[in-house]
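K.L.:
Top line first, the protein sequences correspond to chains P and V. Under UniProt numbering, the final residue of the first sequence carries the number 327; numbering is consecutive throughout. Under UniProt numbering, the final residue of the second sequence carries the number 306; numbering is consecutive throughout.
Please keep in mind that the hints were generated in silico from the structure rather than gathered at the bench. Take these hints with a grain of salt, some might be off.
Where chain P lies over chain V, by a calculated footprint (3+ residues, C-beta under 8 Å) [stated by the list, open to error]:
1) 99 to 113
2) 230 to 239
3) 285 to 295
By construction, the Cβ of each residue, glycine as well, lies at the ideal position given by its N, Cα and C atoms.
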Amino acid sequence: MTRERLINTALLLGLLAVPLWAWVADEPFTITLATRVAILALAGVGLNIALGLGGLVSLGHAAFFGIGGYAMGILASHAQSFSPLMDSPVLIEGTKSMPVIWLVAIITSALAALVIGTLSLRTSGVYFIMITLAFGQMFYFFAISWPAYGGEDGLSIYVRNDFPGLNTLDPIQFFGICFAALALALWFNARLARSPFGLALNAARQNPTRVETIGLSPFRLRLTAFVISGAITGLAGALFADLNRFVSPTMFSWQMSGEIMVFIILGGVARLYGPVAGAALFITLEHMLGGLSEFWMIWLGLLLLLVVLFARGGVIGLLAGRQVAHD
Amino acid sequence: MTVLLFIEQVLNGLQFGVMLFLMAAGLTLVFGVMGLINLAHGSLYMIGAFAAAAVAGATGSFLLALAAALTAAAAAGALVEMLVMRRLYDRDHLDQVLATFALILIFSETTRWIFGSFPLFLDIPDWLSGPVSLPGGIEYSLYRLAIIGTGLAVAAALFWLISRTRLGIRIRAGESDREMIAALGIDISRLYTIVFALGAALAGLAGAMVGAIQSVQVGMGEPVLILAFVVIVIGGIGSIRGALVGALLVGLTDTLGGLLLPELFKLFMETSSASTTGSALASMLIYILMACVLIWRPRGLFGGSA
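Could you build all of it, start to finish, from the sequences and the hints given here?
P.N.:
What follows is the structure in structure tokens.
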């Protein structure tokens, strides 16, 4: 494990060093790219709890990403137009405060994950992949056809939301917020994987029958993992919306779900830092290949294909060797 | 709303359903026989449509265009099977999802590279254009009627192929026990290539026929692909009969939901909010249908053990 830990430390320091260098060299665009990496890695860390630890291949995590995004969009748009969200029976006003928005994003996406998980976990295997995909599409089409919050055009927020004591419009400070959220999620994920819950969840992935015979319910373990996973991805969605100051139904699209999953596979499934490596590689490639050719997606596709066919442990697996059992 | 409009919408739903069946049949065969999730099936649909549009543009013949669509899609399918899919059969579904996701990127961008970002158009041939009078005074598009007819004929031929021919016996045997039929001396990799190419050809046919109603463009495959997945999950993965029932159910639900739900909501809401609520709900309706079916029967309507 030491070698993997070394790589993890290098990754995290690298993600911190690049924007700091860009800040000194006055290149705000690079800081924005690093912020994107941090946020998308956070979404990946969320999915990795369901996918890596729990073995739940969810192709519908864009639902939570989008819910987080719209939580931010709806609250901030009401605050920006000074119209209350609801005036009876209780007055609910919009807000521009990030902590409040995050709390709302986490709670709503956790609730959505609870409902989607309860229904979807009745199935398994391919059916689970498909039913999560269907729930994701439900949100996507709902967001497109519901005109109250922009419908197909999405919602623009003119000024980034506030965080007490920080100037969020300064790219490096906003990056700091996102990086802190990512580090916190990684720490939480590491603790979770070693906790009794994490061990039981891991066991339920490898052999549900045995877990059941020792008196634990695989369904409840998986549902808990799915809810935690959805909540973290929801938080990432709120941050992503704040980064772009824009939300649209594309946050709900199934390509988004696919992309979050690509980060994990590129980095290495069930590796703690897999999503960080994957997101960093993806964004870097997108930026570099995008400069070389208009059709960079072909090369991205080829690379992805090669990783799936020949480098099954992803980037971290390639560098650190295969110590994690993939059952 | 009149009865005529209703019947016309039922026919539209049938046409949509039949087209979905052509897509879903290939997917469900590939999944049933090889245990493979193929997200790139939508790309084969797109390839069929582009091949048809290119050949129709060059020769002006619709039948040649259809033939080109079938050949191009089948060839692409066989190639993909031999180069990529073959390595994925004993992998888990996650790897298959990712590899075929990568294939979508490759196919879509290559098509954009060759044909550009602007949509192509495929014209309905003269001998199939115009309306036709049905009994009861209904005027309906001859071309859409031809799609329904073709789709049902393909469905019948597929049932015959699976249940009556030697190839069909092998396919069914491959579904239940691949080691055993390999041990009986059947070239299993060739069988897999044939099944994959067959599924691809059906997707290409669907793409070419729909290409004449809608525009032919990059990314046209993915929405249909997702619907085809909904179809095979509702019908039960691996079952052709399930695919047919599921396809018609999804086609009719989608078309009639868009028509009836706003009317339904008008009974107890004011007109404008009824139509927005109704159409918002209608766009989610098939996914709600799928979720309900899976909650009721987790393996689909006709699903055995997957």
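K.L.:
Take the hints in turn and mark each one as holding or not.
P.N.:
Hint by hint, here is what the structure shows:
Coverage of the stretch 99 to 113 of chain V by chain P holds in this model, with 12 residues showing a Cβ closer than 8 Å to a Cβ of that chain against a need of three. Proximity of the stretch 230 to 239 of chain V to chain P, defined as three or more residues with a beta carbon under 8 Å from a beta carbon of that chain, is established by the 3 residues found. Chain P is given as covering the stretch 285 to 295 of chain V, and this holds because 6 residues of the stretch bring a CB closer than 8 Å to a CB of that chain, at least three being needed.
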